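Visitor: Sequence:
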Amino acid sequence: MQKKLKVVAATLVLLSLSACGLFSEKIDETKGWSATKLYSEASEELEGQHYERAIQLYEKLESSYPFGTYAQQAQMQIAYAYYKSQDQAQALAAVERFIKLHPNHANVDYMYYLRGLINFNDQIGFLNFIYEQDATERDPKATREAYAAFKQLVDKFPNSKYTPDSLDRMRYLVNAMASYEVHVARYYYRRGAYLAAANRAMGIMNDYRDSPAIEEALFIMIRSYDKLGMTELRDDTMRVFKLNYPTSKFLDEGKKAERHWWKLWN
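Note that the sequence shown covers residues -21 to -1, 1 to 245 in mature numbering (1 follows the signal peptide of the UniProt record, and there is no 0).
Treat the hints as calculated values from the structure; they're not laboratory data. Any given hint could turn out to be false.
Stated by the list, open to error - With a Cα cut of at most 25 Å, we get these calculated SDA-like pairs of lysine to any residue: (1) 63 with 84; (2) 206 with 217; (3) 140 with 185; (4) 135 with 163; (5) 63 with 11; (6) 228 with 181; (7) 140 with 166; (8) 140 with 26; (9) 120 with 84; (10) 120 with 78; (11) 63 with 6.
Computed from a predicted structure; not experimentally measured.
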């Protein structure tokens, strides 16, 4: 009798465990949904800023209906949803995947544009702290990558509706990169590395000719040449400076100029 009770007890335990497994199994509410319904529901979630849920539904759509326009559109929306959720790595991966799979898609220009936006927003964060963080500690990699992405769009799709905005952003990014270089040159000057400061400023002259940062780059060169005792180069650079920036704030005379120099950089 006791043996039978043990068998019954063991059977009940097994049945209860099996039942738990059955009841705990998650029901797939999207089972049987059409591609249209999946896309519609995912788009509603995206519009409501429920990005994680939107991505899940777009991925379900892509896996259930891998062929056709809905699947391709879902891939684009996945990249956008990751971008909006500020998941840069996943957003860029989704963009690269789409470009690789559909290089001739009618809207592939948007993916090039989105790639630029993803990096552009990342470098905006870097610029927000430009006066709070030491210049040599910042990495302008995202700035360069954003510029390269927008440039690729402009070169490949000059008539794209995203090209005008890309050109505006490229001009902004050029100024951002030049500004970074000025901060590095200033950093060198303040630490007595005058030759390095002059060379960095010269690089700005060569690489960012139309940037407003040129004014300060020239002034750094003047000050660096003066500290190095290169009076001829200092005077030649000063002539160029005065010719191009006759009303510059850096042209104060004597000690006043020196005080302004340090006031601006401290």
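Visitor: Next, verify each hint and record whether it holds.
Guide: Now for the hints, and whether the structure bears them out:
Restraint check: the Cα-Cα separation between residue 63 and residue 84 comes to about 22 Å, which is no more than 25 Å; the hinted pair holds. Distance hint between residue 206 and residue 217 is fulfilled; the C-alpha atoms sit about 14 Å from each other, no more than 25 Å. Taking the CA atoms of residue 140 and residue 185, the gap is about 31 Å. The hint is violated against a cut of 25 Å. Under the criterion of a C-alpha separation no larger than 25 Å, the hint pairing residue 135 with residue 163 is inconsistent with the structure, at around 33 Å.
Among the hinted pairs, residue 63 with residue 11 is inconsistent with the structure: their alpha-carbon atoms are about 29 Å apart, more than 25 Å. Distance restraint check for residue 228 and residue 181: the Cα-Cα separation of roughly 20 Å lies within the 25 Å cut-off, and the hinted pair is therefore satisfied. For the given pair, residue 140 sits about 41 Å from residue 166 by alpha-carbon distance, which is inconsistent with the 25 Å threshold. For the hint linking residue 140 to residue 26, the alpha-carbon distance of about 23 Å falls within 25 Å, and the restraint holds.
For a cut-off of 25 Å, the pair hint linking residue 120 to residue 84 is broken: about 29 Å separates their Cα positions. Note on residue 120 and residue 78: the hinted pairing holds, with a Cα-Cα distance of about 22 Å set against a maximum of 25 Å. As the CA atoms of residue 63 and residue 6 are separated by approximately 28 Å, the hinted pair breaks the 25 Å bound.
Of the numbered hints listed earlier, those contradicted by the structure are 3, 4, 5, 7, 9, 11.
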